[in-house]
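J.: Residues 1 to 143 (our numbering) make up the sequence shown, in order.
Hints in this document: simulated from the structure, not taken from any laboratory.
Hints should not be assumed to be uniformly reliable.
Below, simulated PhoX-like cross-link-like pairs (lysine-lysine); rule was C-alpha separation at most 25 Å, straight line [stated by the list, open to error]:
(1) 104 with 90
(2) 90 with 32
(3) 104 with 18
(4) 104 with 32
(5) 18 with 32
(6) 104 with 27
A quick note: this is a predicted structure, and the numbers were derived from the prediction, not measured.
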Amino acid sequence: MRMLHTMLRVGDLDESLKFYCDVLGMKLLRKKDYPGGEFTLAFVGYGDESDHTVLELTYNWGVGQYELGDAYGHIAIGVDDIYGTCEQIKERGGKVVREPGPMKHGSTVIAFVQDPTGYKIELIQLGTQGSAKPQEKAAAASH
1 MRMLHTMLRV GDLDESLKFY CDVLGMKLLR KKDYPGGEFT LAFVGYGDES
51 DHTVLELTYN WGVGQYELGD AYGHIAIGVD DIYGTCEQIK ERGGKVVREP
101 GPMKHGSTVI AFVQDPTGYK IELIQLGTQG SAKPQEKAAA ASH
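Let the sequences and hints guide you as you build the complete structure.
T.: Set out below in structure tokens:
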């Protein structure tokens, strides 16, 4: 088994596609209208669905806004340079809602951005997850 996708309902599909593709650098993998059900599905991601988990953006025709509720947390994306990534996101018109830095009570370096619908996306500096420093992890892996 493996995870295939996460579905997010969006109020403006074009605006959401611009954010995920132009701001976060994902690719539009496929898009299809379902006139009988009055919805459109668009799949975006960093690689082909055959070997990557992707996002399914669902636009229900005529629904321009959703209540996000308090059960949804966030989507997480690993990045090599969190500071540079956040600067690029801002330059491309994206909204950084938590600047990069260590998480509270830990050493993982994180930031948060927000998509046009209001969903949060956590950026995680690769190599900083967990309690071990990157050098300690590399040393442990070589044993």
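J.: Now look at each hint and say whether the structure bears it out.
T.: Hint-by-hint comparison with the structure:
no. : hint        : verdict
1   : 104 with 90 : holds (23 Å)
2   : 90 with 32  : violated (30 Å)
3   : 104 with 18 : violated (32 Å)
4   : 104 with 32 : violated (41 Å)
5   : 18 with 32  : holds (17 Å)
6   : 104 with 27 : violated (32 Å)
The structure is inconsistent with the numbered hints 2, 3, 4 and 6, although it conforms to all the rest.
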